[in-house]
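Trainee: Here the protein sequences line up with chains R and U, keeping their order.
Just so we're aligned, residue 1 is where the first sequence starts under our numbering, counting upward by one.
Just so we're aligned, residue 1 is where the second sequence starts under our numbering, counting upward by one.
Note that these hints are calculated values from the structure, not bench results.
Note that beta-carbon positions come from the ideal geometry of N, C-alpha and C, so glycine has one too.
Treat the hints loosely; a few may be bogus.
Claimed, not checked - Ranges of calculated distance between the beta carbons of each label pair, as one might list FRET restraints: (1) R:164 x U:202: 32 to 38 Å; (2) U:167 x R:144: 19 to 25 Å; (3) U:12 x R:144: 49 to 55 Å; (4) R:41 x U:99: 50 to 56 Å; (5) U:56 x R:18: 28 to 34 Å.
To be verified - Cβ-to-Cβ under 10 Å is the rule here; a few derived chain R residues that face chain U: (6) 22; (7) 69; (8) 115; (9) 116; (10) 117.
The residues making up each chain are set out below.
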Amino acid sequence: MNDAFDIRNMESHIEVHKFRGGAIVGAALLALMFQAFVPVYFAKAAMIDLPLLITIYFGLSRRNPSTGLLLGMVIGLLQDSLSGPTVPLGLYGIAKTIIGYLASSIGARLDTEHPAARFALTIIFFGLHQGIVLLTRRILLAQSSVWFTMHLAAAAVVNAIVAVFLFALLDHLRKS
Amino acid sequence: MPGIPSRHKSIFLLTGVVLLQVLLLALQIKRDSEGRLIRVWTVGAFSPFERAGNHGIGHLRETWRHYFALQNASRENEQLRRENDELKMQVNQLQSKAIEADRLELLLNFHKSHENVPMLGARVIATSAGTASATIMLDRGSKDHIKKNMGVITPEGVVGKVVEVYDNTSEVLLLTDKDSGVGAMLGNSRVQSPVGGAGEPLLVMKYVANDDTVNIGERVVTSGMDKIFPRDLPIGTITDIKPGNPFKSIRIRPSANLERLEEVIVLLTLQPLQMNQETETTKPSASVATKAGETAKPSPSAANKPAVEAAKSPTSGTVAKPASATATPAPVPASDNAAAAVKPE
Numbered sequence: 001m002n003d004a005f006d007i008r009n010m011e012s013h014i015e016v017h018k019f020r021g022g023a024i025v026g027a028a029l030l031a032l033m034f035q036a037f038v039p040v041y042f043a044k045a046a047m048i049d050l051p052l053l054i055t056i057y058f059g060l061s062r063r064n065p066s067t068g069l070l071l072g073m074v075i076g077l078l079q080d081s082l083s084g085p086t087v088p089l090g091l092y093g094i095a096k097t098i099i100g101y102l103a104s105s106i107g108a109r110l111d112t113e114h115p116a117a118r119f120a121l122t123i124i125f126f127g128l129h130q131g132i133v134l135l136t137r138r139i140l141l142a143q144s145s146v147w148f149t150m151h152l153a154a155a156a157v158v159n160a161i162v163a164v165f166l167f168a169l170l171d172h173l174r175k176s
Numbered sequence: 001m002p003g004i005p006s007r008h009k010s011i012f013l014l015t016g017v018v019l020l021q022v023l024l025l026a027l028q029i030k031r032d033s034e035g036r037l038i039r040v041w042t043v044g045a046f047s048p049f050e051r052a053g054n055h056g057i058g059h060l061r062e063t064w065r066h067y068f069a070l071q072n073a074s075r076e077n078e079q080l081r082r083e084n085d086e087l088k089m090q091v092n093q094l095q096s097k098a099i100e101a102d103r104l105e106l107l108l109n110f111h112k113s114h115e116n117v118p119m120l121g122a123r124v125i126a127t128s129a130g131t132a133s134a135t136i137m138l139d140r141g142s143k144d145h146i147k148k149n150m151g152v153i154t155p156e157g158v159v160g161k162v163v164e165v166y167d168n169t170s171e172v173l174l175l176t177d178k179d180s181g182v183g184a185m186l187g188n189s190r191v192q193s194p195v196g197g198a199g200e201p202l203l204v205m206k207y208v209a210n211d212d213t214v215n216i217g218e219r220v221v222t223s224g225m226d227k228i229f230p231r232d233l234p235i236g237t238i239t240d241i242k243p244g245n246p247f248k249s250i251r252i253r254p255s256a257n258l259e260r261l262e263e264v265i266v267l268l269t270l271q272p273l274q275m276n277q278e279t280e281t282t283k284p285s286a287s288v289a290t291k292a293g294e295t296a297k298p299s300p301s302a303a304n305k306p307a308v309e310a311a312k313s314p315t316s317g318t319v320a321k322p323a324s325a326t327a328t329p330a331p332v333p334a335s336d337n338a339a340a341a342v343k344p345e
């Protein structure tokens with residue numbers, strides 16, 4: 001009896017989604033590519049944290065906290081690796097591990113298919129992700145950063161809007 | 001995990017995974033080279049795709065520009081547009097020639113001042129994958145004789161320095177990164193102070209005493225004290241000055257457009273650049289510079305701080321090696337892109 005089966009028993013109205021082979025890996029790698037490549041041409045695109053959105057989406061859909069947190073960890077560590085030597089391995093790794101876990105846990109308890117729910121959850125997770133990154137930088141790396149800026153608030157809204165459309169797109173990767 | 005209820009397994013897993021990454025972070029803080037291997041693997045795996053994407057986008061742009069965008073024009077408009085285009089083209093040609101002449105003049109002057117400094121043009125193929133750092137990835141690496149700590153510039157000004165080198169790519173820490181720093185001085189008063197990034201588009205100048213005269217719009221140039229960049233390369237322009245205690249808070253807009261870099265120049269040397277060859281070269285303000293030895297007037301209250309600060313910062317600190325340990329690389333073949341043309345003979 002695995003976790004997913006338990007969840008199905010407890011919350012019989014919540015559906016656990018399966019995806020086509022390679023969909024999760026492909027989407028995660030594409031997101032990382034986008035994050036590293038597109039801002040060369042469109043600087044404002046750096047505002048969108050596509051690896052985070054992918055972590056949230058698959059966390060909410062798979063609804064298995066273990067796989068959610070492991071996916072978040074892998075995506076986060078790869079993002080750390082592509083962020084240059086000034087970003088230590090683990091900065092995004094820790095944040096996305098926790099987000100992956102929370103998204104999966106929430107996905108197992110709530111219906112997160114509605115665009116409004118996805119919009120709100122993305123804003124919350126984005127804020128939480130920034131908070132964890134900031135805490136890690138302050139506590140572990142002794143680097144100072146500001147807690148809140150208008151740019152961050154705008155980034156949260158932009159990411160949430162992108163998430164609504166991206167999640168609808170990713171829904172097509174589900175096995176029917 | 002025997003004895004652990006199934007629903008708590010994921011919490012234990014979460015705790016374990018987070019603790020593991022905290023440990024990983026701690027190891028990196030203590031030993032800077034940790035994690036190097038995974039970086040090499042990841043960058044090695046991603047850079048071919050980034051290169052391919054770069055070429056693909058380039059082709060798409062060209063195709064769109066030369067075919068699709070023009071296909072929809074009607075004949076009548078085409079005739080008028082042609083005439084208009086010819087005129088525009090003449091203006092653009094003149095403008096671009098003027099811009100090119102300025103750029104070449106800058107480069108020529110730079111070469112004259114530092115004839116012994118080999119350079120290499122490089123194309124930007126990727127940026128940092130997160131907002132926690134400001135780095136760019138170049139399409140040139142150790143195979144092109146690029147080494148860690150080499151300075152990176154554009155004709156407009158200083159860009160940053162090489163912080164990681166792989167076989168075919170290298171990573172550059174931009175001036176805007178929090179960990180960045182460069183030896184600098186004010187264009188007019190020649191007061192020296194390091195300039196660093198603040199994780200935002202503007203740079204910060206530290207250690208300028210309140211009694212030093214600084215004006216908004218004043219140019220900030222390299223001081224050469226960091227032993228990476230030659231003196232008088234433009235860094236930026238002062239946009240904001242606030243009094244502070246004990247130093248002023250000065251913000252600078254970078255001369256180089258660090259948010260839209262496509263091609264850069266790597267200074268292919270790790271030897272401290274000669275400063276006794278400085279002439280009245282790069283910019284009008286350079287004419288203010290006097291001979292070496294009586295050059296920059298250090299801020300009285302922070303006479304030694306700029307050098308100390310610059311030595312500490314990642315952008316400049318590691319260059320304080322003995323010159324003998326860092327030989328000048330051998331000349332390399334000319335690059336296929338335009339910026340590579342700056343490589344001296």
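Trainee: Confirm or reject each hint.
Mentor: Tested hints:
1. R:164 x U:202: 32 to 38 Å: Check passed, 33 Å falls within 32 to 38 Å.
2. U:167 x R:144: 19 to 25 Å: Cβ of residue 167 of chain U to Cβ of residue 144 of chain R: about 36 Å, so the range 19 to 25 Å is violated.
3. U:12 x R:144: 49 to 55 Å: Once the Cβ atoms are compared, 33 Å apart, the range 49 to 55 Å for residue 144 of chain R and residue 12 of chain U is violated.
4. R:41 x U:99: 50 to 56 Å: violated (21 Å)
5. U:56 x R:18: 28 to 34 Å: Holds, at about 32 Å.
6. 22: Nearest chain U Cβ about 16 Å off; hint violated.
7. 69: holds (5 Å)
8. 115: violated (26 Å)
9. 116: violated (27 Å)
10. 117: Not OK, violated: residue 117 of chain R not within 10 Å of chain U, min 22 Å.
Violated hints, in rising order: 2, 3, 4, 6, 8, 9 and 10; the structure is consistent with all others.
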